[in-house]
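Listed below, chain by chain, are the residues.
2 protein chains.
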Amino acid sequence: MLDNLSATKVSGGWHKQYSHTSISTHCPMRFAIFLPPGASQTNKVPVLYWLSGLTCTDENFMQKAGAFKMAAELGIAIVAPDTSPRGDNVPDEDSYDFGQGAGFYVNATQAPYNTHYNMYEYVVNELPALIEQHFPVTDNKAISGHSMGGHGALMIALRNPQNYTSASAFSPIVNPIDCPWGQKAFSHYLGHDKSAWAQYDTCELMKKANENDYLPMRVEQGEADNFLVEQLKIENLFKQVNEKNYPAEINMHAGYDHSYFFISSFIDEHLLFHQSYLQAQ
Amino acid sequence: MLDNLSATKVSGGWHKQYSHTSISTHCPMRFAIFLPPGASQTNKVPVLYWLSGLTCTDENFMQKAGAFKMAAELGIAIVAPDTSPRGDNVPDEDSYDFGQGAGFYVNATQAPYNTHYNMYEYVVNELPALIEQHFPVTDNKAISGHSMGGHGALMIALRNPQNYTSASAFSPIVNPIDCPWGQKAFSHYLGHDKSAWAQYDTCELMKKANENDYLPMRVEQGEADNFLVEQLKIENLFKQVNEKNYPAEINMHAGYDHSYFFISSFIDEHLLFHQSYLQAQ
Numbered sequence: 001m002l003d004n005l006s007a008t009k010v011s012g013g014w015h016k017q018y019s020h021t022s023i024s025t026h027c028p029m030r031f032a033i034f035l036p037p038g039a040s041q042t043n044k045v046p047v048l049y050w051l052s053g054l055t056c057t058d059e060n061f062m063q064k065a066g067a068f069k070m071a072a073e074l075g076i077a078i079v080a081p082d083t084s085p086r087g088d089n090v091p092d093e094d095s096y097d098f099g100q101g102a103g104f105y106v107n108a109t110q111a112p113y114n115t116h117y118n119m120y121e122y123v124v125n126e127l128p129a130l131i132e133q134h135f136p137v138t139d140n141k142a143i144s145g146h147s148m149g150g151h152g153a154l155m156i157a158l159r160n161p162q163n164y165t166s167a168s169a170f171s172p173i174v175n176p177i178d179c180p181w182g183q184k185a186f187s188h189y190l191g192h193d194k195s196a197w198a199q200y201d202t203c204e205l206m207k208k209a210n211e212n213d214y215l216p217m218r219v220e221q222g223e224a225d226n227f228l229v230e231q232l233k234i235e236n237l238f239k240q241v242n243e244k245n246y247p248a249e250i251n252m253h254a255g256y257d258h259s260y261f262f263i264s265s266f267i268d269e270h271l272l273f274h275q276s277y278l279q280a281q
Numbered sequence: 001m002l003d004n005l006s007a008t009k010v011s012g013g014w015h016k017q018y019s020h021t022s023i024s025t026h027c028p029m030r031f032a033i034f035l036p037p038g039a040s041q042t043n044k045v046p047v048l049y050w051l052s053g054l055t056c057t058d059e060n061f062m063q064k065a066g067a068f069k070m071a072a073e074l075g076i077a078i079v080a081p082d083t084s085p086r087g088d089n090v091p092d093e094d095s096y097d098f099g100q101g102a103g104f105y106v107n108a109t110q111a112p113y114n115t116h117y118n119m120y121e122y123v124v125n126e127l128p129a130l131i132e133q134h135f136p137v138t139d140n141k142a143i144s145g146h147s148m149g150g151h152g153a154l155m156i157a158l159r160n161p162q163n164y165t166s167a168s169a170f171s172p173i174v175n176p177i178d179c180p181w182g183q184k185a186f187s188h189y190l191g192h193d194k195s196a197w198a199q200y201d202t203c204e205l206m207k208k209a210n211e212n213d214y215l216p217m218r219v220e221q222g223e224a225d226n227f228l229v230e231q232l233k234i235e236n237l238f239k240q241v242n243e244k245n246y247p248a249e250i251n252m253h254a255g256y257d258h259s260y261f262f263i264s265s266f267i268d269e270h271l272l273f274h275q276s277y278l279q280a281q
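Line order of the protein sequences matches chains A and B. Position one of the first sequence corresponds to residue 1 (the numbering used here), numbered consecutively onward. Position one of the second sequence corresponds to residue 1 (the numbering used here), numbered consecutively onward.
What the hints contain is simulated information worked out from the structure, not anything from laboratory work. One or more hints might be untrue.
Just so you have them, the derived chain B footprint on chain A, three or more residues with Cβ under 8 Å [as the list claims (entries may be wrong)]: (1) 11-19; (2) 66-74; (3) 256-268.
The structure displayed is predicted, hence computed values, not measured ones. Quick reminder that beta carbons are idealized off the backbone N, C-alpha and C, glycines included.
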């Protein structure tokens, strides 16, 4: 059961928000979808899943990325889920980098988080099934995201390469087991046994990736990003990409920071990147 | 004295926010400027002034319109002032459509508003002088805006046709003397003598416009805009444009509402429209 919350015409297509009760997170979840002009049951379109960063909801990307003109032109739907379970019954903490708004796209194993904080299951399985059931889309999927969502996108793609044509990220947390944001979240959601952490770490997953499972990847990183040194550690991804000869293009951009102004500057290039693989399917 | 509050690279150019003490509004005012790549003292660029709507600050357009890619390509700077004086000393009212965030681009004559609420003077004279003094821009100016800011843009252009190459608007309040938003604001800022209102009314100003002062105008209006019938009254502008044979293109768009999703859908066309006149100077 999908509850339609809004429908707004944009760039010839439609931006719509929905709420539904999630079987993964055991609470109502909100997501947004952009449907390009002409999408219909007889003209199904591929989908780019966008995972947002800390504190975000389904709205940040949709309002600030400036992605619709190009997505409309290319005929790509975009789906943006929320970044965590939410609600009065969902455990929370009074900080921006943990709890509601900071699900980190894992399945929590630790109480009291393990009932609701199952964003991995939600994004990998429940949401795509729901989208493919209710909207005029094919099962061709790409995935992208920003910061915590960039971690989510690359990590999910590495674990489920058969599900996606391509993956990309802006300013991703590429090595959460080795930075304060990731260590805080993983210790609460997954416990202090670090052996459970590697399955959610892009660098660790890439280290073990089988060449047959490689998929095209593109990453943008601003060099004036305040979080680059302590939290994002793009150099750790460089290292893995080089060691594994992984087909990942990593673009460093002088002067750009961590904001949506950065995303809006290069989102068209990411849509074109994904389109070349979505179309080839 | 300009106080620089932020500087963010976007689309190859820079988005910057400044604060300064205004001689028009007798309080600190914040504005934002987008400078396209390559703007310099030896390569000055023209400026599009953007006036925002009710409740907005300098941020709404800059974050949500998706204008920078095209503005960068065309080499146009964009300046977005706040929509009113602000601060603890500035008279306010607990409503979204009057007081702070709702200056209506007039010079108030009525106490207690007449000290600070002089947004007409600020936008027409003080701000452009400041911009031309401190930034690498020419004195070629165009003006645009949304809703209350669409009213501001068309009204200011009609009163100062020598200052602007062209004017445009999204979902403008074209006849404020004849709608609840305008009547509420004008009665507080200008008093109950309606003879003082006409100088701030687009339809009234167009009625008296001299053909030698005509300037190119473009207006977009969504047909699914909740405010269309009661507040915006685009049909009143149609009437004046036809009676005066004014060179204003008014485009109605089925399905579009009053939001920034509408603005983002057509902002590129407005930038191209203004560019054709800014370049001809």
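Quick rundown of the hints versus the structure:
1. 11-19: Since 3 is at least three, the answer is holds.
2. 66-74: holds (count 3)
3. 256-268: holds (count 9)
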